[in-house]
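Peer 1: Letter by letter, the chains look like this.
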Amino acid sequence: MSFFGFGQSADIDIVLNDAETRKKAEHKTEDGRKDKYFLFYDGETVSGKVNVTLKYPGKRLEHNGIKIEFVGQIELYYDRGNHHEFVSLVKDLARPGELTQSQTFDFEFTHVEKPYESYTGQNVKLRYFLRATVSRRLNDISKELEIVVHTLSSYPELNSSIKMEVGIEDCLHIEFEYNKSKYHLKDVIVGKIYFLLVRIKIKHMEIDIIKRETTGTGPNVYHENDTIAKYEIMDGAPVRGESIPIRLFLAGYEMTPSMRDINKKYSVRYYLNLVLIDEEERRYFKQQVQMLLHDWLAVHLSCCFIMFLDAQHQREFQNLPIMS
Amino acid sequence: MADTIADTRRLFSKPQNLNDAYGPPSNFLEIDVSNPETIGVGRTRYTTYEVRLKTNLPIFKLKESSVRRRYSDFEWLRAELERESKVVVPPLPGKALFRQLPFRGDDGIFDDSFVEERRQSLEQFLNKVAGHPLAQNERCLHMFLQDESLDKTYTPSKIRQA
Chain A
1 MSFFGFGQSA DIDIVLNDAE TRKKAEHKTE DGRKDKYFLF YDGETVSGKV NVTLKYPGKR
61 LEHNGIKIEF VGQIELYYDR GNHHEFVSLV KDLARPGELT QSQTFDFEFT HVEKPYESYT
121 GQNVKLRYFL RATVSRRLND ISKELEIVVH TLSSYPELNS SIKMEVGIED CLHIEFEYNK
181 SKYHLKDVIV GKIYFLLVRI KIKHMEIDII KRETTGTGPN VYHENDTIAK YEIMDGAPVR
241 GESIPIRLFL AGYEMTPSMR DINKKYSVRY YLNLVLIDEE ERRYFKQQVQ MLLHDWLAVH
301 LSCCFIMFLD AQHQREFQNL PIMS
Chain B
1 MADTIADTRR LFSKPQNLND AYGPPSNFLE IDVSNPETIG VGRTRYTTYE VRLKTNLPIF
61 KLKESSVRRR YSDFEWLRAE LERESKVVVP PLPGKALFRQ LPFRGDDGIF DDSFVEERRQ
121 SLEQFLNKVA GHPLAQNERC LHMFLQDESL DKTYTPSKIR QA
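In the order they appear, the protein sequences are chains A and B.
Just so we're aligned: the first sequence equals residues 1 to 324 in the UniProt record's numbering.
Just so we're aligned: the second sequence equals residues 1 to 162 in the UniProt record's numbering.
Among the clues, some could well be false.
What the hints assert, rightly or not - Below 35 angstroms or equal to it, Euclidean Cα-Cα: the simulated DSBU-like pairs (lysine-lysine) are:
#1 K230(A) / K63(B)
#2 K230(A) / K14(B)
#3 K14(B) / K201(A)
#4 K192(A) / K63(B)
Everything labelled a hint here was simulated from the structure, so no lab data went into it.
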């Protein structure tokens, strides 16, 4: 019947029961826009109504069943065909039959598990959504309502500071200190760089925040690095005994919590790079891993060497071991 | 937690020793390339430059030194550094072979403005290279800068702190 344009069709609308009271959160879409979506947490019930409105009142709508699904899925951009669903719940709203008038169906998914945080990245996307479908012989009618999920973590009991001495033997020795090892997304990194030995001609010093998104496993691992921030903390040549303060407000940068091996599909880590640049544009840097837990960013110590990078040719090589 | 105001006070640091603050810095290194002189006569003439170094870096045996070097000596140094170290060595000013052709209107490679241009370039080259911590470990650099003459049959080696 639909071939001739006289077929009945319907519009579907999904409305949450707590739409008035539930908070909305901003989330980036794949094309970079920021939209607001209803915010849910793990374990919360998702309930509401599905309104099926007939396009042509008076005409029947034949269907093969009406259902609503709650889906949590991971989508790798290089493998779009395969969505990996880690949460998939279904509620049948109507058995196959026909609708003679517009109708509303109630649904409730009780205490739904939402183990991971919603994430839109460079090569991977994790999303949750409700999908209501009116099945028909030739073509289904469906509607999706996207929601956003945040994970929670508690204030860490232990949040010790980090202090470390690094350098290039006989050339440059510094001691850096950061006030915490775990930071939250609106936190401030307070620290200092103390110069113990300066035999090179330093021009300036900066802190870079690098986001690394890792997708794939085994031989197909792919790292996407993105410099989120470059923040100059010193301009000029320091001498021995000088202390340079660091105060970096994280709220100004677009960051997500750190994610570790989500469903064995991807990870998101943040790195703090301390970079010194000398008069000939040579770069010396110390890299550390930070991990952001939900709303918390943990600074981890990782590889303990200073890397020596020639800015002109971007070559990297290890140098002499550090002192500590 | 995000509602409380973060404590952004500076971390404690030791007050700096005044000798450290106002004394000579530990990174003093100055290299000058100057006083070009043409040696010899006729076809076998060549130009030498004075390479003067002043430093307080412990890795240099002499705190002050002065040697004379010619362009091919710089070429030798560059080749040694490229081969022996991981340093990405900056380029030298060109060989200017075209200036060595006959029937030129000017003095060729002994032309004052050419020599001055070359002198400046060579000075830039040395300052860039000598300040590189990895290049400072190479025997060839120290020989070039501070030994009276170059022993091109030397055995390449690494220098540790004096």
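Peer 1: Each hint should be assessed against the structure and marked as holding or not.
Peer 2: Hint-by-hint comparison with the structure:
1. K230(A) / K63(B): Outside the cut-off at roughly 38 angstroms; violated.
2. K230(A) / K14(B): Answer holds: K230(A) to K14(B) is near 27 angstroms, not above 35 angstroms.
3. K14(B) / K201(A): Holds, because 23 angstroms separates the two Cα atoms, which is no more than 35 angstroms.
4. K192(A) / K63(B): This hinted pair holds, its Cα atoms lying about 33 angstroms apart.
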